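Quick note, the sequences are listed as chains A and B, same order.
If you read the first sequence in the working numbering, its first letter stands for residue 1, the second for the next number, and so on.
If you read the second sequence in the working numbering, its first letter stands for residue 301, the second for the next number, and so on.
Rather than coming from a laboratory, the hints here were simulated on the basis of the structure.
One or more hints might be untrue.
[Unchecked claim] Dumping the calculated DSSO-like pairs for lysine-lysine here, alpha-carbon to alpha-carbon at most 30 Å: (1) A:Lys-163 / A:Lys-36; (2) A:Lys-75 / A:Lys-25; (3) A:Lys-229 / B:Lys-656; (4) A:Lys-183 / A:Lys-76; (5) A:Lys-183 / A:Lys-75; (6) A:Lys-216 / A:Lys-231; (7) B:Lys-627 / A:Lys-216; (8) B:Lys-509 / A:Lys-212; (9) A:Lys-225 / B:Lys-656; (10) B:Lys-346 / A:Lys-216; (11) B:Lys-509 / A:Lys-216; (12) B:Lys-616 / B:Lys-501; (13) B:Lys-656 / B:Lys-346; (14) A:Lys-212 / A:Lys-225; (15) B:Lys-509 / B:Lys-371; (16) B:Lys-509 / B:Lys-346; (17) B:Lys-623 / A:Lys-227; (18) A:Lys-229 / B:Lys-347; (19) B:Lys-418 / A:Lys-227; (20) A:Lys-212 / B:Lys-418; (21) B:Lys-519 / A:Lys-225; (22) A:Lys-157 / A:Lys-129; (23) A:Lys-212 / B:Lys-502; (24) B:Lys-623 / B:Lys-519; (25) B:Lys-656 / B:Lys-616; (26) A:Lys-212 / A:Lys-231; (27) A:Lys-229 / A:Lys-163; (28) B:Lys-346 / A:Lys-231; (29) B:Lys-623 / A:Lys-212; (30) B:Lys-501 / A:Lys-216; (31) B:Lys-346 / B:Lys-314; (32) B:Lys-627 / A:Lys-212; (33) B:Lys-347 / B:Lys-627; (34) B:Lys-347 / A:Lys-216; (35) B:Lys-656 / B:Lys-501; (36) B:Lys-346 / A:Lys-212.
[Stated by the list, open to error] What follows is a set of in silico ranges between Cβ atoms, one per label pair, in the way DEER data are often shown: (37) B:Phe-325 / A:Trp-188: 20 to 28 Å; (38) A:Ala-253 / B:Pro-493: 55 to 63 Å; (39) B:Glu-516 / A:Ser-127: 29 to 37 Å; (40) B:Asp-471 / A:Gly-128: 29 to 37 Å.
None of the values given here were measured: they were computed from a predicted structure.
Using N, Cα and C, we set each Cβ at its ideal position, and we do this for glycine too.
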Amino acid sequence: MKIWKRILIVTMFAFSAFGASAQAKLQINEIMVNNKTNYVDRYGNHSPWIEIYNNSGSSANLGGWYLSDDPNNLKKYLITKGDRNTIIGPRQFLVFWADGNAFYGTFHTNFRFEPGREATVYLADPSGKLIDSMTVPEMASMQPNVSYGRTSDGGSKSAVLEKPTPNINNESVNQGAANERFKTNDPWGAGMSITAVMVVFLALILLYLVFKYTGKFHVRLSHNKSKAKSKNTAATSAAANSDEGISGEVVAAIATVIYQMQSNSHDIENAILTIERQAANYSPWNSKIYGMRQTPQLKK
Amino acid sequence: METGFFTFLADNLKEFFSYTSFAHFTVGHGVMIIAGLIFLYLGIAKKFEPMLLVPIGFGILIGNIPFNEAKGLMIGIYEDGSVLNILYSGVRQGWYPPLIFLGIGAMTDFSALISNPKLVLVGAAAQTGIFGAYIIALLLGFEPNQAGAIGIIGGADGPTAIFLSSKLAPDLMGAIAIAAYSYMALVPVLQPPVMRLLTNKKERLIRMKPPRAVSETEKILFPIIGLLLTTLIVPSGLPLLGMLFLGNILKESGVTRRLAETARGPLIDTITILLGLTVGASTQATQFLTWNSILIFALGAISFIIATASGVLFVKFFNIFLKEGNKINPLIGNSGVSAVPDSARISQHVGLEYDKTNYLLMHAMGPNVAGVIGSAVAAGILLGFLSN
């Protein structure tokens, strides 16, 4: 039985470890296809770009990974190994230029996006396994200086982003959106207040209902237990009466006397006291040095 | 030669003077130092929430010693990389409050609530103060996110107020935190008049049924069910509610005594010191003394009063539906604001004024701890709606 328990625990740990490692760490976060006057590379060109996001609490190295626009060739562009600039800090970004000019450096891919066409980017790990992909719809690809990406960094929802944010948080695009929405639709705050009070009540009413019935169940359970106990006691005392002729009252009287005797023979506390042995290896009280006097010497 | 030396000496002294606080002292600094001294006086002499007011008051003194900011001495709380700035990151990033909640969970006994679960609704009703203050803040011209952060003062929960304001309105966090803690300390002053005003003598004398004994199983189930029910509805409250219920299961499981003792002892003490100190130090006069801060203080008082009134009135309303013998004394309505356990103590004190043998403390602890859950849920809702 113990072995099975251990196997179960080990399996659970293995699954949780697998679950943690399988979580996406590097993600395609934002893409701009039709870059007219937006982000500029160090050669002064406005090229399409791809933003990769490190959705983890530790640094990740993109060196040896692949970017591609072809589902049949996920290893189309190898991101240079050994370039320390390919390390992305936790919750940080890296932008690649999809300009077809790989000889410009590590961050320029050997494929290019064409404005007005649907574009898909594939991110594969060093073994060529697909980790993430993102498709920019034709509509987003047509509009100049508009990107397509996750509405929140690493989030599951993607949309056209009117304000592109290469190398910075996508959330900043929507910053203030909620404020504006509430200012327009709920200037007095009544809508928010009613909704929020309802939700608070809903959560706490559920808690109330669950514990109302849990409590009733427990009260009934303890009643049943005490009933069963009293039945057993009655049966035992009946059996005792029939066997030895001692009534319940006598048993109670004996118990009371024993209790009183115990109380008298003991002081007031009824808790269990544990006295731990304190082992002191050294104490000046048992030191021989302190017990000795210097031998008197005659000074001349 | 000698003239040159004296000029050098005079220049040196002049430069030294430019480094002293006297060269940069303003009326604002003086005002804030007096505020810090008042906090210390209230904490030490009057014993109003000393655990909070003493570190906050001392923090105010630390934060308002002026210095030559232009020299980049790296000593101010707002200077990136300074020691105080690093300690302040726990407030700014909002990770002190969940740790405080862990400790609160490990020291809170939810038995009163479990034995009489209908009291949880009083905790919900008292959260109305948050949204009352939210509406008034909007009317005063605050942005919705700022109004939400200000409103949470009415939850009477310092860590929750800091957590939410760090997310919604970091620029107002100092004022919100100071207001929240100040009013929590002033609960004995703010609540009793409202409680007396809204109740009559007959209601104040209501005796409640003694709470039933709660089994260990129920106590263990509470944090598990509580977590699942509240966070499945409001996942944005997870940092606070998750830590609160974790602390509570450490306490109630009976098998993690050491962890529970650490959470409710050394850990919460350490975080309270850091939180109090850095919140106090964040009130630099140059950043803190603004018209908005004054408005926030006024709104904080209003939200406390609305929260107290809502709790008391809700109990009176609830009593209409309850049978004789099951009625709730409305004097425990005030304890629906969290401020654990001060607001429950107020219920007890006011109750004893009218009936020397009517002990309301145990009953008031129910809505009091429900208020902690309720304010964390409310913070989660505001965060969910207003965070972007």
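Against the structure, the hints:
Our distance criterion of 30 Å between C-alpha atoms is met by Lys-163 (chain A) and Lys-36 (chain A), whose separation comes to about 14 Å. Simply put, Lys-75 (chain A) and Lys-25 (chain A) have alpha-carbon atoms about 19 Å apart, close enough for the 30 Å limit, and the pair holds. With a C-alpha separation of about 40 Å, the suggested pairing of Lys-229 (chain A) with Lys-656 (chain B) is violated against the 30 Å cut-off. Between Lys-183 (chain A) and Lys-76 (chain A) the alpha-carbon distance is near 48 Å, which puts this suggested pair outside the 30 Å criterion.
Only pairs whose Cα atoms come within 30 Å are accepted, and Lys-183 (chain A) paired with Lys-75 (chain A) is rejected, the gap being roughly 49 Å. Annotation: proposed proximity of Lys-216 (chain A) to Lys-231 (chain A) holds, straight-line Cα distance about 22 Å (limit 30 Å). A hinted pair counts as satisfied when its Cα atoms are at most 30 Å apart, and Lys-627 (chain B) with Lys-216 (chain A) qualifies at roughly 19 Å. For the hint linking Lys-509 (chain B) to Lys-212 (chain A), the alpha-carbon distance of about 16 Å falls within 30 Å, and the restraint holds.
Of the supplied pair hints, the one linking Lys-225 (chain A) and Lys-656 (chain B) is violated, its CA atoms being roughly 38 Å apart against a limit of 30 Å. With a C-alpha separation of about 44 Å, the suggested pair Lys-346 (chain B) and Lys-216 (chain A) falls outside the 30 Å cut-off, and the hint is violated. Restraint check: the Cα-Cα separation between Lys-509 (chain B) and Lys-216 (chain A) comes to about 16 Å, which is no more than 30 Å; the hinted pair holds. For a cut-off of 30 Å, the pair hint linking Lys-616 (chain B) to Lys-501 (chain B) stands: about 13 Å separates their Cα positions.
Distance hint between Lys-656 (chain B) and Lys-346 (chain B) is fulfilled; the C-alpha atoms sit about 25 Å from each other, no more than 30 Å. Pair hint Lys-212 (chain A) plus Lys-225 (chain A) holds up; C-alpha atoms about 20 Å apart against a cutoff of 30 Å. Only pairs whose Cα atoms come within 30 Å are accepted, and Lys-509 (chain B) paired with Lys-371 (chain B) is rejected, the gap being roughly 66 Å. Distance hint between Lys-509 (chain B) and Lys-346 (chain B) is unfulfilled; the C-alpha atoms sit about 34 Å from each other, more than 30 Å.
Note on Lys-623 (chain B) and Lys-227 (chain A): the hinted pairing holds, with a Cα-Cα distance of about 29 Å set against a maximum of 30 Å. Only pairs whose Cα atoms come within 30 Å are accepted, and Lys-229 (chain A) paired with Lys-347 (chain B) is rejected, the gap being roughly 51 Å. Note on Lys-418 (chain B) and Lys-227 (chain A): the hinted pairing holds, with a Cα-Cα distance of about 28 Å set against a maximum of 30 Å. For the hint pairing Lys-212 (chain A) with Lys-418 (chain B), the CA-to-CA distance comes to about 8 Å; that is within 30 Å, so the pair holds.
Taking the CA atoms of Lys-519 (chain B) and Lys-225 (chain A), the gap is about 19 Å. The hint holds against a cut of 30 Å. At roughly 23 Å between alpha-carbon atoms, Lys-157 (chain A) and Lys-129 (chain A) fall within 30 Å of each other, so this suggested pair holds. Using a Cα cut-off of 30 Å, the hinted pair Lys-212 (chain A) and Lys-502 (chain B) holds, with the two alpha carbons roughly 28 Å apart. Between Lys-623 (chain B) and Lys-519 (chain B), the direct Cα distance comes to roughly 27 Å. Compliance with the 30 Å bound is thereby established for this hinted pair.
About 22 Å separates the Cα atoms of Lys-656 (chain B) and Lys-616 (chain B), which keeps this hinted pair within 30 Å; it holds. Distance check on the hinted pair: Lys-212 (chain A) and Lys-231 (chain A) sit about 29 Å apart at the alpha-carbon level, within 30 Å; holds. Of the pairs offered as hints, the one joining Lys-229 (chain A) and Lys-163 (chain A) is violated, with about 73 Å between alpha carbons and a cut-off of 30 Å exceeded. Our distance criterion of 30 Å between C-alpha atoms is broken by Lys-346 (chain B) and Lys-231 (chain A), whose separation comes to about 58 Å.
For the hint pairing Lys-623 (chain B) with Lys-212 (chain A), the CA-to-CA distance comes to about 17 Å; that is within 30 Å, so the pair holds. Using a Cα cut-off of 30 Å, the hinted pair Lys-501 (chain B) and Lys-216 (chain A) is violated, with the two alpha carbons roughly 33 Å apart. Between Lys-346 (chain B) and Lys-314 (chain B), the direct Cα distance comes to roughly 43 Å. Violation of the 30 Å bound is thereby established for this hinted pair. With a CA separation close to 16 Å, the supplied pair Lys-627 (chain B) and Lys-212 (chain A) stays within the 30 Å bound.
About 34 Å separates the Cα atoms of Lys-347 (chain B) and Lys-627 (chain B), which puts this hinted pair outside 30 Å; it is violated. At roughly 42 Å between alpha-carbon atoms, Lys-347 (chain B) and Lys-216 (chain A) are farther apart than 30 Å, so this suggested pair is violated. The straight-line distance between the Cα atoms of Lys-656 (chain B) and Lys-501 (chain B) is roughly 14 Å, inside the 30 Å bound, and the hint therefore holds. Proximity of Lys-346 (chain B) to Lys-212 (chain A) is assessed by CA-CA distance (about 41 Å); at most 30 Å being required, the pair is judged violated.
Distance hint check: the CB atoms of Phe-325 (chain B) and Trp-188 (chain A) are about 44 Å apart, inconsistent with the given range 20 to 28 Å. The hinted range of 55 to 63 Å is satisfied by Ala-253 (chain A) and Pro-493 (chain B), whose Cβ atoms lie roughly 58 Å apart. With their beta carbons about 51 Å apart, Glu-516 (chain B) and Ser-127 (chain A) fall outside the hinted range of 29 to 37 Å. The supplied range of 29 to 37 Å is broken by Asp-471 (chain B) and Gly-128 (chain A), whose beta-carbon atoms lie about 48 Å from each other.
Going down the numbered hints, you'll see the structure goes against 3, 4, 5, 9, 10, 15, 16, 18, 27, 28, 30, 31, 33, 34, 36, 37, 39, 40, while the others check out.
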